[in-house]
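Q: Protein chains in written order, with the numbering used here: chain B, 1 to 337; chain W, 1001 to 1337.
Honestly, the hints are just simulated from the structure, not real lab data. Treat the numbers as computed from the prediction; the structure is a model and nothing was measured. Warning: the hint list may mix true and false statements.
Heads up, incomplete: computed chain W residues facing chain B, CB under 8 Å, no partners named [what the hints assert, rightly or not]:
id	residue
1	A1076
2	D1080
3	N1089
4	Q1090
5	Y1109
6	G1110
7	A1111
8	L1121
9	G1131
10	D1194
11	L1336
Cut-off 30 Å, straight-line C-alpha distance, at most; resulting in silico cross-link-like pairs (DSBU-like, lysine-lysine) [as the list claims (entries may be wrong)]:
id	chain 1	residue 1	chain 2	residue 2
12	W	K1337	B	K8
13	B	K225	W	K1078
14	W	K1216	B	K78
15	W	K1195	B	K78
16	W	K1216	B	K5
Yeah, the Cβ is synthetic: ideal placement off N, Cα and C, and Gly gets one too.
Protein chains: 2
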Amino acid sequence: MLTKKRGKQTFTLANPPSIAGHANAVGKKEGEGPLADSFDYIDGDDTFGESSWEKAESAMQKRVLASALDKAGQAASKIDCIFAGDLLNQCIASSYALRGQNIPLFGLYGACSTMAEGIALAALLLDGGFGEFTAAMTSSHFCSAERQYRTPLESGTQRTPTAQWTATGAGAVVLAREGEGPYVTHVTAGKIVDKGIKDAANMGAAMAPAAYDTIKAHLEDTNRKPSFYDLIITGDLGVLGAEIITDFFHKDGVQLPNYEDCGVLLYDKETQDTHCGGSGCGCSAVVLTGYLLNGMRAGKWKNILFCGTGALMSPVSTQQGESIPGICHAVSISTLK
Amino acid sequence: MLTKKRGKQTFTLANPPSIAGHANAVGKKEGEGPLADSFDYIDGDDTFGESSWEKAESAMQKRVLASALDKAGQAASKIDCIFAGDLLNQCIASSYALRGQNIPLFGLYGACSTMAEGIALAALLLDGGFGEFTAAMTSSHFCSAERQYRTPLESGTQRTPTAQWTATGAGAVVLAREGEGPYVTHVTAGKIVDKGIKDAANMGAAMAPAAYDTIKAHLEDTNRKPSFYDLIITGDLGVLGAEIITDFFHKDGVQLPNYEDCGVLLYDKETQDTHCGGSGCGCSAVVLTGYLLNGMRAGKWKNILFCGTGALMSPVSTQQGESIPGICHAVSISTLK
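Same shape as in the complex, but just chain B (with noise of 0.2 Å):
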């Protein structure tokens, strides 16, 4: 049987997987945000007792799969498979979270689409039948970040006002065949759109465009409207993005009114000094796997549409003129099925 219709970009899950266990770690700083109370873990000092930024990454990525885990009532051994990657060259915090761990793993690169990426992939094949129990599960780190993609923390260089703040966090999501949700129902997989924005400190700006074509796919394919969502939200298109998403959505003479993007959310906007917020891998997938899934079950929200939105370009392509490619994967999460 199909599930998709040809053209369309949107998968419809026929036996929508449960989301059976989200657990989250953040950094200090985000910590101290408005987020505060949703998070599993919070370190005092952004190393997560590691001698280097990145292997805190990983620990971070370790410390959230053991709790997902936890959560979910499962042991690693029950894992089909499990989609992870993250912002670090060649995906290392992912790669050496998960040794050791005994699970099959594909890894994925989707820079900050990557949650959404790997519930994905996560949830279709769960509907596929390939399986009982899978896992996705991503990070990131301002440190890491910082002197990977731009210029060592020591020189204490001045951030631009599009600028966004990489994350310090990671956040795991296992879901099942069975349960009692809440449930993966839709996934529209995202193409590349690529505007032309060439200022790697924009990612906003060249994101939204992603955003806005993945939402628009996921609205028509599925017949919905916005309001059918107590909430769209993307993943870090940041305050600039955001207002670029809603105008290009007014513009098509259609409202948002349940709009709100993880970038926005994470920190505090007139004391966190982030400038346009929130970015990296792990920013929403700490939004997701605390204040997201929590409110869900608490009843806040019944649909949520999380649209997580990656900016695929490297310092080298910047470095080369290249612009800008933008990526959004949507994934459709509600409390029934």
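Go by the hints and put chain W onto chain B.
A: Same frame as chain B, now just chain W:
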């Protein structure tokens, strides 16, 4: 219906997808090697008409995608999704190649196992009913890899005897829900295996234990003997890694009579000075999309176990004294369903 047994690593495809089209492109050195006849396009100077090695790598991917689609007789708009990734930081070869292609993209990072990982997921989605056509693509380029992972080409650094040569090449495969084969019948997802090898110039030794682990799991899960396969072929363990895995199986009392390695096959040992042979995502991709699939179509082999192997370290993890996590994804390809 569950098509994967609890605790096993192997997914059995109930309706094996058909390989509808496959194409490759390689550089000058690969085009002078023993598999020259199996390549669709050989570039004269490895630039593929571009101004940087990274752009050349993207150009290769664009070329092989167009060619694979053409051979499959499908337009890009018919492809439900593509799985792609490469070795460059943030996988820019793939992201830039897929800009403007209008195909939903799931980005992967699996190092040199990427082609096997991509085919695995592309096949699983089709078998799960999530579309009619999917694709997998990857690439590597000697010059972009050397400057990212090792030393600038201009310095002419001497290579160690255990080193492998990153292949310049790209491969793409288009899978169809229905067709005349060859068919993808089983997928064995790999776990990370790390036996403590720390020498980044000896990746064959780092990856061989992962290949052993996955092939062993595949044979156990499917209850097949190695002799079921006309060919069991690893991605790119190279000369040394191929000896190690053969040795591992010998210690178990298991003979691998039909074992080969893509990295060993790609270059001429005597005349091409690649030390332990080929490596890079492109290595197994071009051997599969040329020599192997052409051979299956010509009746040379009926059953192949294609085992992509990846070394998941980065220059940073090496500098931090970490050992190298290896992974291997195996895909069973047969001329009969």
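Q: Indicate, hint by hint, whether the structure satisfies it.
A: Results for each hint:
1. Of the supplied interface hints, the one on A1076(W) is violated, with its beta-carbon coming no nearer than about 10 Å to a beta-carbon of chain B, more than 8 Å.
2. The interface hint given for D1080(W) is met, as the beta carbon of that residue sits about 6 Å from the closest beta carbon of chain B, less than 8 Å.
3. Taken as an interface hint, N1089(W) checks out: its beta carbon lies about 4 Å from the nearest beta carbon of chain B, inside 8 Å.
4. Interface restraint check for Q1090(W): the shortest CB-CB distance to chain B comes to about 4 Å, inside 8 Å, so the restraint holds.
5. The restraint placing Y1109(W) at the interface with chain B holds, with a minimum CB-CB distance near 4 Å, inside the 8 Å limit.
6. For G1110(W), the suggested interface contact is upheld, since its CB lies about 5 Å from the closest CB of chain B, less than 8 Å.
7. A distance limit of 8 Å between C-beta atoms decides the matter here; for A1111(W) the minimum to chain B is near 7 Å, and the interface restraint holds.
8. For L1121(W), the interface hint holds, since its Cβ comes within 8 Å of a Cβ in chain B; the closest pair sits about 6 Å apart.
9. For G1131(W), the suggested interface contact is upheld, since its CB lies about 5 Å from the closest CB of chain B, less than 8 Å.
10. Taken as an interface hint, D1194(W) checks out: its beta carbon lies about 5 Å from the nearest beta carbon of chain B, inside 8 Å.
11. Below 8 Å, beta-carbon pairs count as interface contacts, and L1336(W) has none with chain B, the closest being about 22 Å; its hint is therefore violated.
12. Between K1337(W) and K8(B) the CA atoms are separated by roughly 28 Å; this keeps the pair inside 30 Å, and the hint holds.
13. A C-alpha spacing of about 26 Å is found between K225(B) and K1078(W), which places the hinted pair at or below 30 Å, so the restraint holds.
14. Using a Cα cut-off of 30 Å, the hinted pair K1216(W) and K78(B) holds, with the two alpha carbons roughly 19 Å apart.
15. For the hint pairing K1195(W) with K78(B), the CA-to-CA distance comes to about 23 Å; that is within 30 Å, so the pair holds.
16. For the suggested pair K1216(W) and K5(B), the alpha carbons sit about 38 Å apart, so the restraint of at most 30 Å is broken.
In this structure, the hints that do not hold are numbers 1, 11 and 16, in rising order.
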